[in-house]
Amino acid sequence: MTDGNSGAPTEEPATAETAPPRRRLWFVLVPAAFALIAAILAWQLITGSSDKDELPSALIDKAIPEFELDPLPDYDVGLSSDDIRKGGVSLVNVFASWCGPCRIEHPLLMEISELNIVPIWGLNYKDQPADAVRWLKELDDPYTQIGSDLSGRVGIDWGVYGVPETFVTDKEGRIVYKHIGVLTRADWDEKIRPLIESLKE
Numbered sequence: 004m005t006d007g008n009s010g011a012p013t014e015e016p017a018t019a020e021t022a023p024p025r026r027r028l029w030f031v032l033v034p035a036a037f038a039l040i041a042a043i044l045a046w047q048l049i050t051g052s053s054d055k056d057e058l059p060s061a062l063i064d065k066a067i068p069e070f071e072l073d074p075l076p077d078y079d080v081g082l083s084s085d086d087i088r089k090g091g092v093s094l095v096n097v098f099a100s101w102c103g104p105c106r107i108e109h110p111l112l113m114e115i116s117e118l119n120i121v122p123i124w125g126l127n128y129k130d131q132p133a134d135a136v137r138w139l140k141e142l143d144d145p146y147t148q149i150g151s152d153l154s155g156r157v158g159i160d161w162g163v164y165g166v167p168e169t170f171v172t173d174k175e176g177r178i179v180y181k182h183i184g185v186l187t188r189a190d191w192d193e194k195i196r197p198l199i200e201s202l203k204e
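Take the sequence shown: its letters are residues 4 to 204, numbered as in this note's numbering.
In short, the hints are calculated from the structure, not lab data.
What you are looking at is a predicted structure, and each value in this text was computed from that prediction instead of being measured.
Possibly wrong hints are sitting among the right ones.
Claimed, not checked - Only pairs whose alpha carbons sit at most 25 Å apart, straight line, appear in this in silico BS3-like list of lysine-lysine:
hint, residue 1, residue 2
1, 194, 89
2, 65, 194
3, 89, 174
4, 194, 174
Working from the sequences, and respecting the hints, build out all of it.
Put into structure tokens, the structure is as follows:
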């Protein structure tokens, strides 16, 4: 092709079909690499199998942060640090209605609740209260009490990275374990339940 003004040949822009072999390879490899990374991240999100669930927390072995949260609509009581301390060995679960992984772990939380071996305190994180209520009515409510952390301020004080997250607290009201991501049956059976039982001795 030539330029109408100068008569000099001009270059056609390279496409996947006209590019040299090495550049054509990049057209294939780059999207494939992105697809692979996306698939790995999706799998970790669903299974909770990322190493991030082992990230240490600066609050481990420290007293739980002081807080007092309002209840959700139609709930009589909210949640405070005093409630958790009085509850003894406990689970604190950070959740939201907009959180897909929270829905994945919810049936397990219901099972744990029905075992009646540990209270589960709910921290509803950056969620519209009415949405949270609808979500709990749909899926059922495993929580002993729930506090509405609409601003996310309390979650920040707890060192929350995102949702879901689950903490274990001891009889003295200290955080002894933090799990980031979906709580799986293996997490419960192999890590958290044995820890709870040892803390209750």
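Going through the hints against the structure:
1. 194 - 89: holds, 24 Å
2. 65 - 194: Between residue 65 and residue 194 the Cα gap is close to 20 Å, so the pair holds against 25 Å.
3. 89 - 174: Within the cut-off at roughly 8 Å; holds.
4. 194 - 174: holds, 18 Å
In the structure shown, no violation is registered for any of the earlier numbered hints.
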